[in-house]
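Sequence order for the protein chains is A and B. First residue of the first sequence: 0, per numbering that gives the first Met the number 0; consecutive thereafter. First residue of the second sequence: 0, per numbering that gives the first Met the number 0; consecutive thereafter.
For the record, the hints were derived by calculation from the structure and aren't laboratory data. Because the structure is a prediction, the values reported are computed rather than measured. No residue lacks a Cβ here, since even glycine has one placed at the ideal position from N, Cα and C. Errors might be hidden in some of the hints.
To be verified - Simulated restraints, written as ranges between beta carbons of each label pair:
#	chain 1	residue 1	chain 2	residue 2	range
1	B	Phe119	A	Pro156	24 to 30 Å
2	A	Arg89	B	Leu64	49 to 55 Å
3	A	Asn87	B	Arg160	50 to 56 Å
4	B	Asp113	A	Phe24	27 to 33 Å
5	B	Ser7	A	Pro56	41 to 47 Å
6	B	Ala65	A	Lys70	33 to 39 Å
7	B	Phe119	A	Arg55	18 to 24 Å
8	B	Arg156	A	Ser74	33 to 39 Å
9	A	Asn27	B	Ser7	45 to 51 Å
10	B	Ala98	A	Ser164	51 to 57 Å
11	B	Trp100	A	Pro156	16 to 22 Å
Unchecked claim - Covered by chain A, according to a simulated footprint, are these stretches of chain B (three or more residues, beta-carbon under 8 Å):
#	segment
12	14 to 20
13	23 to 31
14	54 to 63
15	81 to 95
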Amino acid sequence: MVKEVAESCVESVMMEMVSAYCNRFYANKPELAARRIEAIGYQVGHQLSERYTMERPRFTDHLDAIKFICKDFWSELFKKQIDNLKTNHRGTFVLQDNRFRWLTRMSIDPVPVIVTDSSQDPSSMGTTENKAGQATSMHLYFPCGLIRGALSNLGIPCAVSADMSNLPACSFVIRIKV
Amino acid sequence: MAPVGPRSGDAIFANVERVNAELFSLTYGAMVRQLLTDLEEVEEVNKQLDQMGYNIGIRLIDEFLAKSNVSSCADFKESADVIAKVGFKMFLGVTATVANWDADGTSCSLILEDNPLVDFVELPDTCQGLYYCNVLSGVIRGALEMVSMKTEVTWVRDMLRGDDAYELRVKLLKQVPEEYPYKDDE
Chain A
0 MVKEVAESCV
10 ESVMMEMVSA
20 YCNRFYANKP
30 ELAARRIEAI
40 GYQVGHQLSE
50 RYTMERPRFT
60 DHLDAIKFIC
70 KDFWSELFKK
80 QIDNLKTNHR
90 GTFVLQDNRF
100 RWLTRMSIDP
110 VPVIVTDSSQ
120 DPSSMGTTEN
130 KAGQATSMHL
140 YFPCGLIRGA
150 LSNLGIPCAV
160 SADMSNLPAC
170 SFVIRIKV
Chain B
0 MAPVGPRSGD
10 AIFANVERVN
20 AELFSLTYGA
30 MVRQLLTDLE
40 EVEEVNKQLD
50 QMGYNIGIRL
60 IDEFLAKSNV
70 SSCADFKESA
80 DVIAKVGFKM
90 FLGVTATVAN
100 WDADGTSCSL
110 ILEDNPLVDF
120 VELPDTCQGL
130 YYCNVLSGVI
140 RGALEMVSMK
150 TEVTWVRDML
160 RGDDAYELRV
170 KLLKQVPEEY
180 PYKDDE
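Work out the full structure, taking the sequences as your base and the hints as a guide.
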């Protein structure tokens, strides 16, 4: 049987992690806090995708790997699949979860779009004037990192950003690097 | 006397939203790892984990009281029992054992044999002073403080340090009488 813990354990740790990085360790450097939170997500995503793909054949192409994220990976984490997948067939994929669990318990002002990428600073942070929006967007660096870590473990380097302008829906945009 | 509440957390755990324990242990592990990199000092990491736990505990107690239907415990002994049998079970899915009471009933041990926090964990030599599970002691201290009990919670045994179980010592420092924000005659 799969071992389980209460969802509130995971939520509590994530909330506290974001708050510690944003309010205590890097209170005046949101871009650094964001990068650390993303790095933690990356680490987790990397390890989880290693575990979830152990008994699978290799993915044949990018779309195959993205579908694995949408179906199996998402189901393991959220007990549901991604609701909508779009692609421009040139390396960009948009994954929409109509009711993203990790945001459903938060009260938020919808605002920003965030970008995470190992090679550049998450630049949108500094321009976000809205404090509450900024605080919430901080919570999205973790799942963005999670997806980037998972794909990177599958040999697909990419940048992942999130858009929560349609709450409770949340979209993750994956741009594969070529 | 009427029982204070359920004697075990099994039924509550079965009814709460649950997630894969792997996600929990890996997320916690990745966080501890990042903290070690960013804060550098192991002592500081211990302190921050305890602080995080405390902040979690003062919030988690509400969820605990709401879902467990536990009414006020008669004494510290009863509280310790409820934490071990109901609290641990309903959040972590495991049960702790209460043992080693001192003579005046103000300190006891909570012993965990199964601890979902440490799946996949092995401490390198550079982290020997680390109390990896320090978040747990913070949670208990924070939660108890919200129900008027000032406690001190310390690790006695830690399997990551080579012991045969996880043992937390919970010592009651002070029972703060409940204060109401109003008076009857006003």
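Practice task
Confirm or reject the claim that serine 7 (chain B) and proline 56 (chain A) have a C-beta distance inside 41 to 47 Å.
Solution key: holds, 44 Å
Practice task
Go check the segment 81 to 95 of chain B versus chain A for me, would you? Three or more residues, Cβ under 8 Å, otherwise it fails.
Solution key: holds (count 4)
Problem - chain A covers the segment 23 to 31 of chain B, three or more CB atoms within 8 Å, holds or violated - result: Since three or more residues must qualify, the claim that chain A covers the segment 23 to 31 of chain B holds, with 6 doing so at under 8 Å.
Exercise for the section: Please test the hint of 33 to 39 Å on the beta carbon pair from arginine 156 (chain B) and serine 74 (chain A). Expected result: holds, 38 Å
Practice task
Can you take a look at whether the segment 54 to 63 of chain B is actually covered by chain A? Rule is 3+ residues, C-beta closer than 8 Å.
Solution key: holds (count 5)
Practice task
For the range 49 to 55 Å, tell me whether the beta carbons of arginine 89 (chain A) and leucine 64 (chain B) fit it or not.
Solution key: holds, 53 Å
Problem - Supplied distance hint 33 to 39 Å, evaluated on CB atoms of alanine 65 (chain B) and lysine 70 (chain A) - result: Holds: the Cβ-Cβ distance is about 34 Å, inside 33 to 39 Å.
Exercise for the section: Could you tell me whether the CB distance from phenylalanine 119 (chain B) to arginine 55 (chain A) stays inside 18 to 24 Å? Expected result: holds, 20 Å
Practice task
Please test the hint of 45 to 51 Å on the beta carbon pair from asparagine 27 (chain A) and serine 7 (chain B).
Solution key: holds, 47 Å
Handout entry: Verdict for alanine 98 (chain B), serine 164 (chain A) (Cβ pair) under range 51 to 57 Å
Key = holds, 53 Å
Problem - tryptophan 100 (chain B) paired with proline 156 (chain A), Cβ distance criterion 16 to 22 Å - result: Since the Cβ atoms of tryptophan 100 (chain B) and proline 156 (chain A) sit about 57 Å apart, the hinted range of 16 to 22 Å is violated.
Practice task
Evaluate the given range 50 to 56 Å for the C-beta pair formed by asparagine 87 (chain A) and arginine 160 (chain B).
Solution key: At roughly 52 Å between Cβ atoms, arginine 160 (chain B) and asparagine 87 (chain A) fall inside 50 to 56 Å, so the hint holds.
The structure does not agree with numbered hint 11 stated previously, though it agrees with all others.
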